[in-house]
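These protein sequence lines map, in sequence, to chains W, R and A.
Every letter in the first sequence is one number past the one before it in our numbering, and letter 15, counting from 1, is 15.
Every letter in the second sequence is one number past the one before it in our numbering, and letter 166, counting from 1, is 166.
Every letter in the third sequence is one number past the one before it in our numbering, and letter 113, counting from 1, is 113.
No lab work stands behind these hints: they were computed from the structure.
Be a bit skeptical, because a hint or two may be false.
As the list claims (entries may be wrong) - Pairwise CB distance ranges (calculated):
| id | chain 1 | residue 1 | chain 2 | residue 2 | range |
| --- | --- | --- | --- | --- | --- |
| 1 | A | S123 | R | A4 | 25 to 33 Å |
| 2 | W | M78 | R | R116 | 44 to 52 Å |
| 3 | R | G19 | A | T67 | 51 to 59 Å |
| 4 | R | G19 | A | D288 | 40 to 48 Å |
We treat Cβ as the ideally placed atom computed from N, Cα and C, and that holds for glycine.
Take a look at the letters that make up each chain.
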Amino acid sequence: MGDIPKYLSDAGTRAALLEKLLDHVYLSLVPLVVSIVLAIVLGLLCHRFRPVNAVLVSLSNVVYTIPSLALFALIPAMIGTRVLDPVNVIIALTLYTTALLVRPVAEALAAVPSHITASATAMGFRPWRRFLAVELPLAVPVLAAGVRVGSVSNISLVSVGALIGTGGLGTLFTDGFQQRYLAPIIVGIVLTLVLALVVDLVLVLLRNRLTPWVRAGGKP
Amino acid sequence: MIFADAFGWLLDPANWSGGKSIPVRIGIHLLYCFGAVLGAALIAVPLGLFVGHTGRGGLVLVGGSNALRALPTLGLVTFLYLVVGGSTVSVLISLVVLAVPPILAGTYAGVQDVDRGVVDAARGMGMTGAQRLWQVEVPNAMPLLVGGLRNAMLQVVATASVAAFVGVETLGRPLLDGIRVLDYPQFVGGAILIALLAVVLDAVLAVVGRLVVPAGVRLSARTGKARPGSAASRRREVPTPVESGGSTA
Amino acid sequence: MKRTLAVVVAAAALVVSACGSKEDLGGTGQDAGASGEVVVGSADFTENKILAEIYAGALKATGAKVTVKSGIGARELVVKALQDKSLGVVPEYTGNLLNYFDKTNTTTEAEEVYTALKAKTPSGLEVLEKSEAEDKDVLVVTKATADGGVKSIADLGSGKYALGAAGEWAQRWETKIKELYGVTFTEIKTTDTGGPITVDALKDGTVQVANLYTTSADIKANDFVELEDPKVMYPAQNIVPLLRSDAVDAKGKDALDKVSAALTTEKLAELVKRVDVDKETIANVAADFLKSVTL
Numbered sequence: 001m002g003d004i005p006k007y008l009s010d011a012g013t014r015a016a017l018l019e020k021l022l023d024h025v026y027l028s029l030v031p032l033v034v035s036i037v038l039a040i041v042l043g044l045l046c047h048r049f050r051p052v053n054a055v056l057v058s059l060s061n062v063v064y065t066i067p068s069l070a071l072f073a074l075i076p077a078m079i080g081t082r083v084l085d086p087v088n089v090i091i092a093l094t095l096y097t098t099a100l101l102v103r104p105v106a107e108a109l110a111a112v113p114s115h116i117t118a119s120a121t122a123m124g125f126r127p128w129r130r131f132l133a134v135e136l137p138l139a140v141p142v143l144a145a146g147v148r149v150g151s152v153s154n155i156s157l158v159s160v161g162a163l164i165g166t167g168g169l170g171t172l173f174t175d176g177f178q179q180r181y182l183a184p185i186i187v188g189i190v191l192t193l194v195l196a197l198v199v200d201l202v203l204v205l206l207r208n209r210l211t212p213w214v215r216a217g218g219k220p
Numbered sequence: 001m002i003f004a005d006a007f008g009w010l011l012d013p014a015n016w017s018g019g020k021s022i023p024v025r026i027g028i029h030l031l032y033c034f035g036a037v038l039g040a041a042l043i044a045v046p047l048g049l050f051v052g053h054t055g056r057g058g059l060v061l062v063g064g065s066n067a068l069r070a071l072p073t074l075g076l077v078t079f080l081y082l083v084v085g086g087s088t089v090s091v092l093i094s095l096v097v098l099a100v101p102p103i104l105a106g107t108y109a110g111v112q113d114v115d116r117g118v119v120d121a122a123r124g125m126g127m128t129g130a131q132r133l134w135q136v137e138v139p140n141a142m143p144l145l146v147g148g149l150r151n152a153m154l155q156v157v158a159t160a161s162v163a164a165f166v167g168v169e170t171l172g173r174p175l176l177d178g179i180r181v182l183d184y185p186q187f188v189g190g191a192i193l194i195a196l197l198a199v200v201l202d203a204v205l206a207v208v209g210r211l212v213v214p215a216g217v218r219l220s221a222r223t224g225k226a227r228p229g230s231a232a233s234r235r236r237e238v239p240t241p242v243e244s245g246g247s248t249a
Numbered sequence: 001m002k003r004t005l006a007v008v009v010a011a012a013a014l015v016v017s018a019c020g021s022k023e024d025l026g027g028t029g030q031d032a033g034a035s036g037e038v039v040v041g042s043a044d045f046t047e048n049k050i051l052a053e054i055y056a057g058a059l060k061a062t063g064a065k066v067t068v069k070s071g072i073g074a075r076e077l078v079v080k081a082l083q084d085k086s087l088g089v090v091p092e093y094t095g096n097l098l099n100y101f102d103k104t105n106t107t108t109e110a111e112e113v114y115t116a117l118k119a120k121t122p123s124g125l126e127v128l129e130k131s132e133a134e135d136k137d138v139l140v141v142t143k144a145t146a147d148g149g150v151k152s153i154a155d156l157g158s159g160k161y162a163l164g165a166a167g168e169w170a171q172r173w174e175t176k177i178k179e180l181y182g183v184t185f186t187e188i189k190t191t192d193t194g195g196p197i198t199v200d201a202l203k204d205g206t207v208q209v210a211n212l213y214t215t216s217a218d219i220k221a222n223d224f225v226e227l228e229d230p231k232v233m234y235p236a237q238n239i240v241p242l243l244r245s246d247a248v249d250a251k252g253k254d255a256l257d258k259v260s261a262a263l264t265t266e267k268l269a270e271l272v273k274r275v276d277v278d279k280e281t282i283a284n285v286a287a288d289f290l291k292s293v294t295l
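Next up, chain W with everything else stripped away, as it sits in the complex (with noise of 0.2 Å):
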């Protein structure tokens, strides 16, 4: 433990820490925005239509078998980017989380109580503007959680990229292991904790946010 004051020491050290940090929050950051979209999109072609939710509900049970680190490296074989393109882990992580997503999605959707609904109708909403100004809304909280389980396993999942060279902190585990040195491993599990802690704590300020009504006691 003695070396970590040694290790952090030095200014290019520190400085390289910093970009493998930004490259960390970048690889696993982008995948969930993405993921987001496309869930509510797929969550609500699920919600219309039946059997696309039965296609979907298979597919991410199948995505979900598939280790992670094989993914990266299959990704361009399968569709032919750069083996080191950092794109590979983004399109890898992104079929996770939305796998992740999906279900929860339509469900929430499928919750939305018809009197809701109905009242939302009655009172002039077409149905592309109701489904953003109260089933989307409405659904936040289910997919707040998701997004939730998604942040924290897309931070953990970017280490393993360091393995076939796009790994942002994960690379200090490979480069601390083949030096026998445990600050900078010590150091990559810190940060990645720091990391999930901070973006976990943005989520639930962010979904607070969007659904002012669970504060204020209100039931839906």
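Given chain W, put chains R and A in place with the hints provided.
Just chains R and A, lined up with the frame of chain W:
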């Protein structure tokens, strides 16, 4: 094309005999997975039952188990290897740490979700705390508990491949070795095996789950919305406690 | 109404950021070519990472824009990354690189290997001047094993010992060691590229023979004994920059040649020791070395 080559690798007789054959690796992979899930269950189930039953420490538990989820396995396994020494021990501990949160979440949520009316009725009938736990709460918690176990197993099966980084002969070996040298048949073949193993183990646990869930509970679960067997229903069993712990974060 | 607006704005923001990130992705492809940015890559072991950092420093000194992508994998992955333009330059080793480009190669002597390598390097790629610095594969045993009479690869015999080596070793050498020396192993255990797992496996007796690299600080630290290779199974392994011809300009190539000229096996071993044993950073060690080179 890639997949055809991968099947070629899978069917190559050379990969089916000797000390590094596919069956041997599947066996080792299974040992690690079952060892880890068993170890995690021994820790997480009693803890989840205790907290769920007494209602004490719920926030600490959820917060702690969320933090565990964020622990990167590659970091943990390299850390443990350098500190504890020995691949087997460090891989096992890492996988146990990975498996604890979902089992804990499932157990805790299972006990928590038991209809308060049912528990009160049990109390009214004069059941003691222990009787309520074993005769009412545990049977009712079974579906979610088994869900937690299945979820843990899925994660462990996939992650045991990353753990091969510190040198164990799991199915992660062909995956890691194949990726380093871009030997697609080898690593896609390895990935297919891991995916198949995940599906098979999940199905086995689903059957086991059906056997241990009492008929009455099964009936009410079916009329409810939980549909055991789909990924999303498993996943949904994870977010629930996360959601309930939301206020802590 | 206000909430409707908020939701619409939020949704729009998500979509925009999603699209934005998609564009970014195209941008981060880091075309190591005409754009003027050079990406230096390295395989996943310390020495190669140091070399990559040294190359990067030398190229930066010529005014080029340089990034480093470290710890990528083994040669197969690195060469593929060069070809698909993810990388521009990588530090390589003449003998193993030649064997990779020409599976039927039998040359082992330094100059011959280098001449053959230049001829066999696929078009689009090229190797610059080789350095006298060398880092060879070497089979090592513990001192106890050596004292028991194992001094040369030929002494390993048939089916007596287990070997620990990187995943690709068997594919590269299993047939050759049998042809040359008649040596077979009870098991070829996949460990890592001369890293902690290989060394620990040899120390704790999981394997009796390990494949390390001659510049490794672990050999001396653990009193391992390097086995002689009288029939020259392992070819000369001079350090040489492998690059995509269009990735580096003439000034850059000149700088890399000067680096190669200044590098010796001893210096390289010292740099590796400073990183692996003294835990100095790769960047600092590389910068120190570059100070000694007049670019």
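(request) Would you pick out the hints that fail for this structure and give their numbers low to high? (result) As far as the earlier hints go, only 3 is violated by this structure.
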